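Novice: The chain contents come next:
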Amino acid sequence: MQQVFSNKKAIAVFVLPTLILFVAVGFVPIVQSFYYSLLDWDGIGTGHFVGFKFYKDVFVDDTYGIQFVNSIWNTLYLALLSVMIQIPFAFFVALVLARGVKGERFYRTLFFIPVTISSSVIGLMFLQILNPNYGVLNTMLEQVGLGSWRHDWLVEEKTALSSIFLPAVWQWVGYYMLLMYAAIKGISEEMLEAAKIDGASGWRATISIIVPSVAPIIKVCIVFAVIGSLKFFDLTFIMTKGAPQPVTDVPSTLMYNSIFRRNMYGYGSIMAVFMVIECLLAYFALQWLFRTREEGVGR
Amino acid sequence: MSLFRNMATIGLTSVLAAGLAACGSNSEKESSASASASNDHAASSSASSSPAEKIKITMWSQFSDPNSKDGGFIGFFKALEATKAQFPNVEIEHTGLEGESYKTKIKTASAADQLPDIFFSWGGGFAQPFVAGNRLLALDDLVQDGTKDKLVPGTTDNFTFDGKLYGLPTNIATANLYVNKELFESAGAPLPTTWDELVAAINALKAKNITPIALGAKDRWPAMFWNSILDIRMGGTAAVNAALNKTGSFDIPEFQEAARKYKELFDMKAFGENPIGTSYDDSINMFLTGKAAMLYMGAWVNGQINAEDSQVKGKVDVVKFPSIPGGKGNVDEWHGGSGETFFINAKVDHKDTVWAVYKFFMETMAKEVFIAGSGSSAWKGDMGDTSKVDPLAIKIGELSASATGFSYWWDQMLNGNDTESMFTSLMSLTGGKLAPEQFNKELQKKLNSGK
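Chains A and B are the protein sequences, given in the same order.
Here the working numbering is used: position 200 in the first sequence is 200, and no number is missing along the way.
Here the working numbering is used: position 322 in the second sequence is 322, and no number is missing along the way.
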């Protein structure tokens, strides 16, 4: 066994299939997108090379009134919601379940169900719930005498964005809960018992023992949540397609729109390239943040 | 451990070999397919003595559901079956995909130059990139075989680019004002023929707590219909078409007045409380369940209105859109026309066979769609037994027989980029973010800049 893994050629052979697959379906399209972003191309005929001509237009001039920059802020808002609401809530649920509660398995499954449902179904479900004419939400408000609180949720500018993002936050709570639940379950009982003997229980044990023990998983969750928010697509596309423009637009829906509806393949590819760079930067920024924090704690 | 190593090597090698073999067999298959295709060609061109060899024609369309009640779907599938029966030597492989995803599919396939032999498309700006990319077969020589004389004049305008014809028409689709007679009676309002009567009817219906007009503005294009017809009544089809063809302007006093009228309708809640949050399907349901009294929509809803399970069956009439005093357009100018077609791939094999199949199919579809009640035929000639044709379709045929002008759907006339800009501006106007005059200025600036 060791002989196999000490042989460089053998390692290369083992890694190769995955590497080929990754390069073919991951890396090559990214490079291709970068090339397309330098073209003036309608996606149907042949393109002309124009270099970085459109880059400034996407971010500054905005000839077509697409308002791409606004959509970036929208995803940052979603990232903030995810980190501030979704992950703390998921952690709380994981903690309660992992520390033992009646019907633990039932609740664990219950919270995980939204993750297993496809986004299209969730989008359509919330479209029905938020429907201004016969939706459950408006009907319920009417029934309890809060008729004045009725809204056309997905149309009014104040409520539209949150009406999409809250379902998205709700959808993925179960996923992070499960990750953190497993991590908390993995903490050895001895450690918690020792803490108890030292007088640390409840809140104190959570802060001093559990959180540091599952910190790696929390970091992973935060990275997933932020990156996932930055490339958010499905619910916006299903529920509003960006309407009322540009209130609920996110970069990926604008990219889709530019490429497939406006027939501007190059223009849309610039957005794709931006998203790749943005996600990478976000990842490195988070890594750096975690590291400096760790060093700070260590000192 | 060397045994394990050997086994690992053998295992990997065999996996790789299998992969290579798969690649090999794949390309082999392809080459054999192309070989047989060329055989086909030889057979069909030299002699038709070997009918055993079938020619395969691939066809894509947006007609995905054979059980749909939409007249366009019914007509398509009847025509497809008839064509299959007519040409036993031809195997037609049809793939249907509905709506937006269909547009994406043909654009993607076109980018990769993998379009099927025959594919459904819209004319106007939507087809422009396909023409510019040399993806479509020009039909000018082919239609000289007498086909051209069978067509209703003006129905090929949306498929003609730089004087070259690329597609045959099927049907003339018009948008019509459907009125629920029962609801109008209960509100005591006459069917509207002028703008003032329309406004009066809206107020009377509102007083009875009936939604005057069903509109699904969430899907954007139903709202566009209202904007278009108001423009047509105020400025006339010639002015509208000129603006869309970039030879005229969107920012003229007539269209400004039309935009004000459009806004006025929303302000008086003519479309109910939440038209922008209502989808097309929801709006159709509102009309079909008798909750709304009017609907301005294409003839494809005829089938749904008079379906067996419809609650408004027999209660609905269709009228010409009311005239607007002071407008340059008259009541005989229509929103609609002939804009849907099938194109033939420029690189098609067996051109003559495909043309014969195509020609037969288009003419059959035109008739079948008419018989299914969704639009008049763009082909002249005997329609056969019309006794079972939907009464609404016949009425629309009578009303539009005196048509003096057509202006087709904006989202097909304009190219993709302009369409999106137009929708963004229109929805801003609808949502009250843009004043009517600004709307016209913005349209002109975004769509016809420099003109």
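Since the hints were made in silico from the structure, they are not lab data.
Bear in mind that the values here come from a model prediction, so they are computed numbers and not experimental data.
Watch out, some of these pointers could steer you wrong.
[What the hints assert, rightly or not] Covered stretches of chain B, going by a simulated chain A footprint (3 or more residues, C-beta under 8 angstroms): (1) 85-91; (2) 182-193; (3) 251-262; (4) 414-422.
[Said to hold, decoys possible] Below, simulated DSBU-like cross-link-like pairs (lysine-lysine); rule was C-alpha separation at most 35 angstroms, straight line: (5) B/Lys445 <-> A/Lys158; (6) A/Lys53 <-> B/Lys164; (7) B/Lys388 <-> A/Lys241; (8) A/Lys231 <-> B/Lys69; (9) B/Lys263 <-> B/Lys103; (10) B/Lys54 <-> A/Lys241; (11) B/Lys69 <-> A/Lys158; (12) A/Lys231 <-> B/Lys105; (13) B/Lys263 <-> A/Lys53; (14) B/Lys433 <-> A/Lys241.
Here a beta-carbon is modelled for each residue, glycine too, at the ideal position from N, C-alpha and C.
Novice: Now look at each hint and say whether the structure bears it out.
Specialist: Here's how the hints hold up against the structure:
1. 85-91: Coverage by chain A is violated here, the residue count being 0 at a Cβ distance below 8 angstroms.
2. 182-193: violated (count 0)
3. 251-262: violated (count 0)
4. 414-422: holds (count 6)
5. B/Lys445 <-> A/Lys158: 29 angstroms, holds
6. A/Lys53 <-> B/Lys164: 34 angstroms, holds
7. B/Lys388 <-> A/Lys241: Distance of about 41 angstroms is beyond 35 angstroms: violated.
8. A/Lys231 <-> B/Lys69: This hinted pair is violated, its Cα atoms lying about 39 angstroms apart.
9. B/Lys263 <-> B/Lys103: 31 angstroms, holds
10. B/Lys54 <-> A/Lys241: Judged against 35 angstroms, a Cα distance of about 45 angstroms means the pair is violated.
11. B/Lys69 <-> A/Lys158: 39 angstroms, violated
12. A/Lys231 <-> B/Lys105: With Cα atoms ~23 angstroms apart, lysine 231 of chain A and lysine 105 of chain B stay inside 35 angstroms; holds.
13. B/Lys263 <-> A/Lys53: 39 angstroms, violated
14. B/Lys433 <-> A/Lys241: 18 angstroms, holds
Of the numbered hints stated above, those contradicted by the structure are hints 1, 2, 3, 7, 8, 10, 11, 13, listed in ascending order.
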